[in-house]
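Make the full structure from the sequences, and use the hints.
Protein chains: 2
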Amino acid sequence: MAHSELILKEDYDIEFILIETSHPGNIGACARAIKNMGFAKLGLVNPKNFPCDEAYHRSKGAKDILDDANIYKSLDEALSEATLVLGTSARERSIPWPSSYTHLIDEDMSNDIKDKNNKICILFGREDSGLSNDELQKCHMHLRIPCSDEYSSLNISHAVQIISYEFRNLLMREESIEVKSDVPLSTDADNEFLLEHLDKVLLDLNFYDQNSSRQVQARLKRLIKKARPDKLEVGILRGFLTKIQEILNK
Amino acid sequence: MAHSELILKEDYDIEFILIETSHPGNIGACARAIKNMGFAKLGLVNPKNFPCDEAYHRSKGAKDILDDANIYKSLDEALSEATLVLGTSARERSIPWPSSYTHLIDEDMSNDIKDKNNKICILFGREDSGLSNDELQKCHMHLRIPCSDEYSSLNISHAVQIISYEFRNLLMREESIEVKSDVPLSTDADNEFLLEHLDKVLLDLNFYDQNSSRQVQARLKRLIKKARPDKLEVGILRGFLTKIQEILNK
Numbered sequence: 000m001a002h003s004e005l006i007l008k009e010d011y012d013i014e015f016i017l018i019e020t021s022h023p024g025n026i027g028a029c030a031r032a033i034k035n036m037g038f039a040k041l042g043l044v045n046p047k048n049f050p051c052d053e054a055y056h057r058s059k060g061a062k063d064i065l066d067d068a069n070i071y072k073s074l075d076e077a078l079s080e081a082t083l084v085l086g087t088s089a090r091e092r093s094i095p096w097p098s099s100y101t102h103l104i105d106e107d108m109s110n111d112i113k114d115k116n117n118k119i120c121i122l123f124g125r126e127d128s129g130l131s132n133d134e135l136q137k138c139h140m141h142l143r144i145p146c147s148d149e150y151s152s153l154n155i156s157h158a159v160q161i162i163s164y165e166f167r168n169l170l171m172r173e174e175s176i177e178v179k180s181d182v183p184l185s186t187d188a189d190n191e192f193l194l195e196h197l198d199k200v201l202l203d204l205n206f207y208d209q210n211s212s213r214q215v216q217a218r219l220k221r222l223i224k225k226a227r228p229d230k231l232e233v234g235i236l237r238g239f240l241t242k243i244q245e246i247l248n249k
Numbered sequence: 000m001a002h003s004e005l006i007l008k009e010d011y012d013i014e015f016i017l018i019e020t021s022h023p024g025n026i027g028a029c030a031r032a033i034k035n036m037g038f039a040k041l042g043l044v045n046p047k048n049f050p051c052d053e054a055y056h057r058s059k060g061a062k063d064i065l066d067d068a069n070i071y072k073s074l075d076e077a078l079s080e081a082t083l084v085l086g087t088s089a090r091e092r093s094i095p096w097p098s099s100y101t102h103l104i105d106e107d108m109s110n111d112i113k114d115k116n117n118k119i120c121i122l123f124g125r126e127d128s129g130l131s132n133d134e135l136q137k138c139h140m141h142l143r144i145p146c147s148d149e150y151s152s153l154n155i156s157h158a159v160q161i162i163s164y165e166f167r168n169l170l171m172r173e174e175s176i177e178v179k180s181d182v183p184l185s186t187d188a189d190n191e192f193l194l195e196h197l198d199k200v201l202l203d204l205n206f207y208d209q210n211s212s213r214q215v216q217a218r219l220k221r222l223i224k225k226a227r228p229d230k231l232e233v234g235i236l237r238g239f240l241t242k243i244q245e246i247l248n249k
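These protein sequence lines map, in sequence, to chains A and B.
In this text, residue positions in the first sequence follow numbering that gives the first Met the number 0: the first is 0, and each later residue adds one.
In this text, residue positions in the second sequence follow numbering that gives the first Met the number 0: the first is 0, and each later residue adds one.
Simulated from the structure, these hints should not be mistaken for laboratory data.
This one's a predicted model, so the numbers in the text were calculated from it and none came from an experiment.
Heads up, some of the hints might be wrong.
Since the list gives no way to pick one copy over another, a pair counts as held whenever it fits inside one copy or between any two copies.
Stated by the list, open to error - As a list, the in silico DSS-like pairs of lysine-lysine whose alpha-carbon atoms are at most 27 Å apart:
1) Lys242 / Lys113
2) Lys47 / Lys249
3) Lys220 / Lys113
4) Lys224 / Lys118
5) Lys62 / Lys242
6) Lys249 / Lys72
7) Lys220 / Lys62
8) Lys40 / Lys8
9) Lys137 / Lys220
Structure follows, in structure tokens:
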């Protein structure tokens, strides 16, 4: 495990709390989703059926998350130490409350989530009816997952997956992936020599007609820029062009 | 359904393609995830067991997506019309290929996805072994879902959920949610009168001690600013203060 991975578990206190979940399979799928994103704390308020084989089966490699889950008799018990409580929903609720879309969390909220002094609880409601108004009113803020007007009811483990994914992205700065190559990328000079070589061959082949030659040259140039060939690939292409020239000069 | 919703289905041609999926329940959960995010096209390359009751059961309100799914005998058949092919993985693959994390898609890639002339296919591999090297090499780019080094194996429907969520966010501009209130927010003047009123009451109560009064005033001011009360709430607070004054003046 990379050192950076430990940040999410050790530096932050973030608990995903499921309220009165009906299907134990969903609890298992939530445990897996949380662990996939590097989090560890699962809370269950009055689960209908837990512990249960089906939950363990669906959790796959996240059985430890289920073993360590906190089981609460009430939401108040679950939230007793919380300093930041967030409620989640996919639908628009009638109750007026500070709200944000999950992908548009503003700087104030973001700073609050990043504050390592906070104990953060994120609430997920029942499969059929979500969070009650009373539960929603215990939240500092509501997080809304953007979704289709036509069909807005997400599976609870999918809601947990999206929220844990967004929180991971917020708290960890993953380095962007480089375009990997076995050999060094070609330099601009390599590409220019390649294009000159190509141009020469096309002239020798009488490929250009007078009206369109500049446009064709521009397109070939753009193609090479887009392709970003490495040095080996440039070598192969130039070998190919040399071969053509040898045949023309015979 | 809002007009903006139709954009995803009608203006863009984006197909989520599952390759040799083993569990029909996962196919159903993928259909639901796609529909939740406003997409409609599901492709299945050699599904192990489909059509199947379990798939329909898990799809909940997305049975139409399953009815309309394209079933292919080979990946080549599925990709025959594709102009942009994207492969997904949670793990780092050994094969060097242009790659991006799902949450760090750059402008070039983003413009490519937004280009309505493209027929985009997004590939999801088998539950146990993902996409083969041969399949990965059919892609223009690989999308990697950031996840824990400790446990990187996402359920396929959760991977579909994250990708469809990111694509929705990329293609639709959801308006940010306002802090909703039944009544108008208070003005700065309302707040100033409230603070003056409070200050007067606190003086009458001999609440302030000489050393800390300014600090207490500043903190109360900050609290009101943070709370951003609406006109009704200001009214309630001022009524409360008036009540205290009445008692003091008795």
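To test your reading of the hints: which numbers does this structure violate?
Failing hints, ascending: 1, 2, 5, 6 and 7.
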